[in-house]
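Same order as they appear, the protein sequences are chains Y, S, V and W. Residue numbering for the first sequence follows my numbering, beginning at 301 and increasing consecutively. Residue numbering for the second sequence follows my numbering, beginning at 301 and increasing consecutively. Residue numbering for the third sequence follows my numbering, beginning at 301 and increasing consecutively. Residue numbering for the fourth sequence follows my numbering, beginning at 301 and increasing consecutively.
No false leads were slipped in.
Same chains, same label: a pair holds when it works inside one copy or across any pair of copies.
Pairs of lysine-lysine, DSSO-like flavour, derived with a Cα cap of 30 Å:
#: 1; residue 1: K307; residue 2: K370
#: 2; residue 1: K526; residue 2: K307
#: 3; residue 1: K526; residue 2: K367
#: 4; residue 1: K307; residue 2: K367
#: 5; residue 1: K367; residue 2: K315
#: 6; residue 1: K502; residue 2: K526
#: 7; residue 1: K418; residue 2: K502
#: 8; residue 1: K502; residue 2: K370
#: 9; residue 1: K370; residue 2: K526
#: 10; residue 1: K367; residue 2: K502
These aren't lab readings, by the way, just hints derived from the structure by calculation. Just so you know, these numbers come straight off a predicted model, no measurement behind them.
The primary structure of each chain is shown beneath.
Protein chains: 4
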Amino acid sequence: MIIVMNKTATDADIKAVVDRLHSIGSEAHVSEGQYRTVIGALGDREAIRQLPWEAMSGVERAVPVMKPFKFVSRDFQPEDTVLQIRGATIGGGTFTAVAGPCAVESREQLFRTAEAVKAAGATVLRGDAFKPRTSPYSFQGLGEAGLEMLAEARETFDLPFVAEVLDPRDVGLVSSYADILRIGTRNMANFTLLTEVGRQPKPVLLKRGFTATIEEWLNAAEYIYKEGNHQIIMCERGIRTFETASRNTLDITAVPIVKGLSHLPVLVDPSHSGGRRELVAPLTRAAVAIGADAIMVDVHPTPDTAQVDGAQALLPSEFAELMESVRAIAGVVGLRV
Amino acid sequence: MIIVMNKTATDADIKAVVDRLHSIGSEAHVSEGQYRTVIGALGDREAIRQLPWEAMSGVERAVPVMKPFKFVSRDFQPEDTVLQIRGATIGGGTFTAVAGPCAVESREQLFRTAEAVKAAGATVLRGDAFKPRTSPYSFQGLGEAGLEMLAEARETFDLPFVAEVLDPRDVGLVSSYADILRIGTRNMANFTLLTEVGRQPKPVLLKRGFTATIEEWLNAAEYIYKEGNHQIIMCERGIRTFETASRNTLDITAVPIVKGLSHLPVLVDPSHSGGRRELVAPLTRAAVAIGADAIMVDVHPTPDTAQVDGAQALLPSEFAELMESVRAIAGVVGLRV
Amino acid sequence: MIIVMNKTATDADIKAVVDRLHSIGSEAHVSEGQYRTVIGALGDREAIRQLPWEAMSGVERAVPVMKPFKFVSRDFQPEDTVLQIRGATIGGGTFTAVAGPCAVESREQLFRTAEAVKAAGATVLRGDAFKPRTSPYSFQGLGEAGLEMLAEARETFDLPFVAEVLDPRDVGLVSSYADILRIGTRNMANFTLLTEVGRQPKPVLLKRGFTATIEEWLNAAEYIYKEGNHQIIMCERGIRTFETASRNTLDITAVPIVKGLSHLPVLVDPSHSGGRRELVAPLTRAAVAIGADAIMVDVHPTPDTAQVDGAQALLPSEFAELMESVRAIAGVVGLRV
Amino acid sequence: MIIVMNKTATDADIKAVVDRLHSIGSEAHVSEGQYRTVIGALGDREAIRQLPWEAMSGVERAVPVMKPFKFVSRDFQPEDTVLQIRGATIGGGTFTAVAGPCAVESREQLFRTAEAVKAAGATVLRGDAFKPRTSPYSFQGLGEAGLEMLAEARETFDLPFVAEVLDPRDVGLVSSYADILRIGTRNMANFTLLTEVGRQPKPVLLKRGFTATIEEWLNAAEYIYKEGNHQIIMCERGIRTFETASRNTLDITAVPIVKGLSHLPVLVDPSHSGGRRELVAPLTRAAVAIGADAIMVDVHPTPDTAQVDGAQALLPSEFAELMESVRAIAGVVGLRV
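Excised from the complex, chain Y in its bound form (with noise of 0.2 Å):
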């Protein structure tokens, strides 16, 4: 920690905040400027960041020089992360696609699905059984029947399946049939439930809040992490900004940043993010020309009767196409397919 004093701090302010350092058992090393005079603290940097530095007298600023997730960085393990769930494998070198409907409607819409994502090379396959929803009056999800539905297609296609949990009550029932949970960008700050699914035996896909920064979402993973679940996917999925010409604005920037900063793999969900059909094909190649790990692809048999996002859902056909350019851009960047 850098604590920077303003113009008028006195001595007394200076060696306040130098005592203090001290009462905790860190070094203080002062460094007198022109303008200002910069205490640098060292110690044990969870004792120094808890205290309220900026709430002393005196003081301007105090700035970390650390992050504040340690598990999850790679500082604390250099080598990438690999998850292997039934068969597939995410991180470490291996492109893979995850592909499905948004939601769960039928079995009928389930199944058409699943048997068109598998046969384009889809290794993993989405769909949810509880949707949170910005209005009240919107369709909400099967519940566990869909979770049913998403079991008995995983069997019939040999495909694991990610479903988001929604309430910290519903996570041993998600997790007693669900391959992956996924925490959604809503609840990427519920911390209550990031405790919970911390606790279960499944990886994690861990939505980036849409307004999240990346030093959030690293901390939001070590939630998890710290409970004992070391299986975290980190999902990027487009943040709100000024520009509405697209639903989110996909931080592709994010992709490298987060490899840089965590062995974690990074996925990138390009339909959520664009919000409309034309726009997933061609973020779906930026995201794995710029390295991502796996990518998340919304599929519906009959987007124009989805119950949820049906603007955003590629057609079997569609997907199929797409999956071919996928294969050879990551090729081209040293991805196993």
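Chain Y is fixed; fit chains S, V and W onto it per the hints.
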């Protein structure tokens, strides 16, 4: 709903949209312009809104005419909602001050603060027993022990209190102690939590998500209202923008906008918005002048030892001084204090 | 400047940074922490700032301790700048109202408005002859004919006026008529224009870029100041955020922040910020309560025929009514009207 | 234009809107819904757009059906614009690399860089003689001497060059040297400068304002086009968001959106977007994969001595390596290199 067809839409595309509107019992008004055909949809707005118009062939975009929320709108209830909470009034032309520590840290800290804010004119006490923290390594609150201290302070100082609830499983517990349940900014779109507090007999203070639009915030209130709980207070507490000079950007404009769209009272939290002590008094005065029904201010007897957000807490003496100018401004804009 | 080395920085990397600091006559304070080495740079801040520290091997980031602006800071001049403009005072504890039409459209429109705002208590007239418009097909202003009308209105009603200048080639022309030159929000970072108005003997009203940080805005003022023109008024007029319910988000927090960082007076433009008539009065009251030195309000005798921004213009009668509460609030916060 | 009346609009309000539409020769289609009356306006879109509908009594909002730009839209010209510039091609299925130093600092620095980027496959040279700098104390460029060096480098290495123009008074000068004029991100809404370059016989590279919507950016292109200059290249270079881990957030989604809305070629600047050297190669690969027509990359022989933006410049060897994967990806997405 207004459905704008794209330039290359065919007659069959237009007919398909019209037929679909008819199939749900709605009317279609077709206007053919020089460049675009526009279809006005008239009928049951929920039925129309549910269909994926933008997934249909030839549709460029669908523009809703009506807001998605209903019960919380002024269209539904023109007169102000006024809440009576153990002697305190919120809304309807009364100005109310809520104050207290960000987090309950000890009985002594709480009682010293409660006594001071009561003396200065606050009529509701704040204090949290459960804290959502970005880092898993930060102080997370005293839990039920904190609620017990708050209940004791209520009796001692005759001050109803508001406390945050984070987890749907804790709603009953917090509701058994607190006079007002608070939904924090990170949980504004936690729909399972909203549904749960919507079933309680206690008023809810609903903080705006720091990245939520006003429309999304009112949708969140609708979730609570439609479960049967009509006692809702909207809390503006700053939004995330590109500006980093303050912790958040107080969206002061949201106050008159929400009061125009909705009958619910609006409270402003200047402490969490600015994030720095010297900004609290100016922001509070602006909130009163613009017509907020209430303010909520962090007060701490010794901010430089605070375990949460010490940098933004006022000293009791600073709060008392602020309340004097607050009363004067409230008088100018026609509010009872 | 504080230079944080990354985890894998070598001794040679650290030495290279230290040597470079020495080469420009600066001191280097090296602190070796458990995870990172941090180097404090002390010396001529401009010389240090110019070097590309983050391009050097082993450097993680460079954190400036000082703000980049100098002359406009309170560090440089602790007392408020106060401007005297043909009988009007801006800054130093006086509250000033600037009002008039967004654009000059005709002599009659201008004179009707000027007469009304004078009667209501405005002491500076606004009105533009050159308008920057997003679309090339919109009305672009009357040019010099508009300036002549403004000059005539000044004499008739004894009101100094402010007018926008868009083009460095027009600075001399506008300056020969106007009492205050305005730099619009789109030109805040037009450094050639800033330099040009910095050479004029007229005060400059510098609007904040709607996407500029406070630091960038003060840097823009520094451009003007260092050319020799010290008469600068900072104008907050709303920033671009994700919220679309208002045209812009008024960053009311910027008022106390700028007044803390700088000695320059701060004016708020509630009209361009909110973009809707019903928001103007509440936003104006908030601006006065938070301590702005001045406000600038669009007034038009017939807003529904206005060629620019009619939706946000007040009627003369609405402005007169607003001024009454403005005076009362200004009194509460200790300003002379 | 669709005009939505508010709930309390009277028959007279509706009639006034209809009459006004008739007065400009337009048709009005009135649809009375259960809660709102909606009026569709059909006729000359520019005439309709100019009127202040939202200032009229009873009007809730006016929703444009058409985009405000015309000539630069695909509605106006369905086929791609392709530029031929001294042997280089931009647009129409060819992929082009523009590279060179951010700023010209010396003849030696420029020539070393030009030689290297030419060898690696760049067909256009970049290099600036005028630099817009946030701080007035930073290096501002070599001026005409820099343009002379660029012209000499062009002849020596047979590379057309692009250079920024900042001031309308310098347009003739820069245009007399450069092959492509660049409008920087801070000047995208400098309409006097846009008008001036619109009168030159040289292509214009139009950077997106870092806070401009796609619609505003295309409006800026319309300013240039309507003056007679149809040779425009759109440059995406990152937008300002809440995320601070990268300098800007590259809006990669803008590439397919602009190519859908407009016939103009789109170039991506990965260097200024990311702001850090290690992000340049991944962002460039994403830009090529998503279908950008060109990229523009900062290259410097010794980044740690660069006077501008050294932290983001690639070494010549890094650029050469990047170009190999770029060519491979371009091939996959069907572009000629």
